[in-house]
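Below, each chain spelled out in residue letters.
Protein chains: 2
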Amino acid sequence: LDRGDGDQVRNLIAPMRPADIAELLDLMRTDERRALVEMLGPELKPEVLSELEEGVRDEVIALLDPGDIAQALAEMDSDDAVYLLEDLDQQGQQEILSQMPADERAALERALEYPEDSAGRLMQRHLVAVPPFWDVGHTIDYMREAEDLPDEFYEIFVVDPAYRPIGTVPLYRVMRSKRPTKISDIMNTEQTLIRVDTDREEVARLFEKYDLISAAVIDENDRLVGVTTVDDIVEVISEEATEDIRLMGGIVNEEAVGDSVALTARNRFSWLFVNLLTAILASVVIGLFDATIEQMVALAVLMPIVASMGGNAGTQTMTVAVRSLATRELGPLNALRFMRRELMVGVVNGILFALLIGAVGGVWFQDAMLGVVLGAAMIVNMVVAAVSGILVPMALDRMNIDPAVASSVFVTTMTDVVGFFAFLGLAAIWLM
Amino acid sequence: LDRGDGDQVRNLIAPMRPADIAELLDLMRTDERRALVEMLGPELKPEVLSELEEGVRDEVIALLDPGDIAQALAEMDSDDAVYLLEDLDQQGQQEILSQMPADERAALERALEYPEDSAGRLMQRHLVAVPPFWDVGHTIDYMREAEDLPDEFYEIFVVDPAYRPIGTVPLYRVMRSKRPTKISDIMNTEQTLIRVDTDREEVARLFEKYDLISAAVIDENDRLVGVTTVDDIVEVISEEATEDIRLMGGIVNEEAVGDSVALTARNRFSWLFVNLLTAILASVVIGLFDATIEQMVALAVLMPIVASMGGNAGTQTMTVAVRSLATRELGPLNALRFMRRELMVGVVNGILFALLIGAVGGVWFQDAMLGVVLGAAMIVNMVVAAVSGILVPMALDRMNIDPAVASSVFVTTMTDVVGFFAFLGLAAIWLM
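Taken in sequence, the protein lines are chains A and B.
Residue 103 in the working numbering sits at position 103 of the first sequence; the count goes up by one each step and never skips.
Residue 381 in the working numbering sits at position 381 of the second sequence; the count goes up by one each step and never skips.
Bound-form chain A, shown alone (with noise of 0.2 angstroms):
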């Protein structure tokens, strides 16, 4: 690459799999990337753009010529199609959009036109769709002969006259079955439909409960307008996940490995800037107390091992609660018996940490009244950890905010003020 010799590399990438050159194209620094979206120019397989980082997708995309795109995009799967578009500006996308054939545009077009994250974007709109008085030979005669089928397909739809779906049948039943037999006899009629404008969050966890590998996807009017296949469901998952994680290691905004300085620090600023104010919060109230700390040093040496633990013990019921919560395991049926063993749990393991930390204290300092008024104070932090950790993210959940975004910031800052004042409050009054 580094001696500009396109010849070469087109021969070194044509044997590799759309997955792996987009692994390359992902990895490699912006200067590299140029030069080999210029080298392979239109023979780059429009596969290679949805298998792409989003940030570095948008920056191949802005190399490529708009009209090879449209091009692609007119022959891709329509689910493929949207995920490539949904991201690009509105300049972006109207510049690919006018330059495709009329029918694909409007299709793409209504697709977009869906909430972003529904069912409606995720779908595919091509489908094997059969009435149930077809016989198993008539149904893999028309797909022998049909022209619009989807690239890749694992289950046929069965349908009334109202294109409302009434079944599936697996093709690998189709193909085990004679071919007189009526479809109308193998079908599934428990069957998971979808609605177009469910999240894909939920769609996901259809998929994940049931095993499907497809599922129907209907409009208001329960009538059939695409598939959802599970190769789409497992990047919803492993993305979902993947926001939970950063959410909850306080990453605001969705981060690429190659993303700027400049945009990182930014996108990293606001939320320690929360974190400053409620630092902040913390200090103030030790500050309430700076005439005990001045009569006693070692409260200040001793302080943060109470704010400490707090924290982290709200931040282990936390992490259970709001995985519990997006996985639903943690629902309205077994809310209460979770919230009275965290409590529980708070309570126990508050007093053993209570004798352990109230014993140091006590010894380093020669002082066991100082080991009393610290074990206090962690048995009551311990426990507000334990309320709070529960409480916040259930809270959030039903103010229907994402628990992951907010709730260690939450928890965190109730752990440490709690935790400051009710050991320098007790020992406020113990010296006294």
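Simulated from the structure, these hints should not be mistaken for laboratory data.
Please note that a few of the clues may not be correct.
Which copy? The list can't say, so a pair holds if one copy fits it or any two copies do.
[To be verified] DMTMM-like, lysine to aspartate or glutamate: derived pairs with alpha carbons at most 20 angstroms apart:
id: 1; residue 1: Lys209; residue 2: Glu190
id: 2; residue 1: Lys45; residue 2: Asp58
id: 3; residue 1: Lys182; residue 2: Glu329
id: 4; residue 1: Lys178; residue 2: Asp141
id: 5; residue 1: Lys209; residue 2: Glu54
Since chain A is already given, all that's left is putting chain B on it; use the hints.
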């Protein structure tokens, strides 16, 4: 259920899908669950068992007759049977295996010999394999008549005389080809082969990368021994994400929402104990400067801000590093660039927050020099946060330790210790 009306309960349960019954059982109280399982008895479908959560599953299996379970397992696909058996203890496994037909038992015992979390445990033994010289008609006829086919399949595998896979044909392609077409003419030779000892996390990564629906599993002699399907992979991806979230939140052992107080308290204790030691270490650092704090109590009030900001910035960097390592977005090719960026982000945000908090501290305590010391300590700690936020997970990954397990304790210990040391140390020099 409370009235013990078995018939009515059975009528309510009968039309439900296995996954829904499993969800109901998961959410019930232990005594309710016991009553329901006893009421349903052998009417409880085996599919329900494989959808239950681990702890609940063990409980339900203990309530059922080993003979009934053995019979259910014999009828299941081998991957589901292994999934149910692998979590039982040795004795429970033997009890059930001994009541199974000899050939099914031998197959399951062989599957259980593969390492836990390997492709060998995930795979389904039954599959459709045909030689390349068959034509489509012959293949369809074979599938219509063969007995030992899997319950569900989406691809057929093409093998050479030594049973080594040489290609795959998706069912839709078989279906869309005319009967005289040779299999070798429609097969994909670009296949993803999975070694039987591959870790399931790696298997999931391959499925995600190449958008697979199923993939051939081969033994050490490259012979086809099974097939992994995407429905199992969806579960793996979700479980691995839960594991990462759990570990990063300080939940070291697997937990279920239904676990007892004693078990949960014990599980959480170990992590909190490690945190206690690191918190004491931070206190020892503060203790080194007790004379300095005695001189100026404002230091005790402000010092948690420096530690907390460093902890949060370090957690941000660490979260991105851990997740990017897990998804392979961060690798040797771009590690250096990533480190340079994180370091620069640390410097930039360090300077910004130094100015902010320096001003706040200076105004609050009417002491410009205190603000300078605070700001300088902030820059030092933000840079240390960035460096440890990258190096700790990358070092753990290099040592083949899951970075999600231990990164956060190392990183926050670093930022606590350095935060207190830098701030109090600089203050001590200034006050001298």
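Hint check:
no., hint, in the structure
1, Lys209 x Glu190, "within (14 angstroms within a copy, 31 angstroms between copies)"
2, Lys45 x Asp58, "within (15 angstroms within a copy, 49 angstroms between copies)"
3, Lys182 x Glu329, "neither (41 angstroms within a copy, 49 angstroms between copies)"
4, Lys178 x Asp141, "both (13 angstroms within a copy, 9 angstroms between copies)"
5, Lys209 x Glu54, "between (29 angstroms within a copy, 15 angstroms between copies)"
When the structure is compared with the earlier hints, a violation turns up for hint 3 alone.
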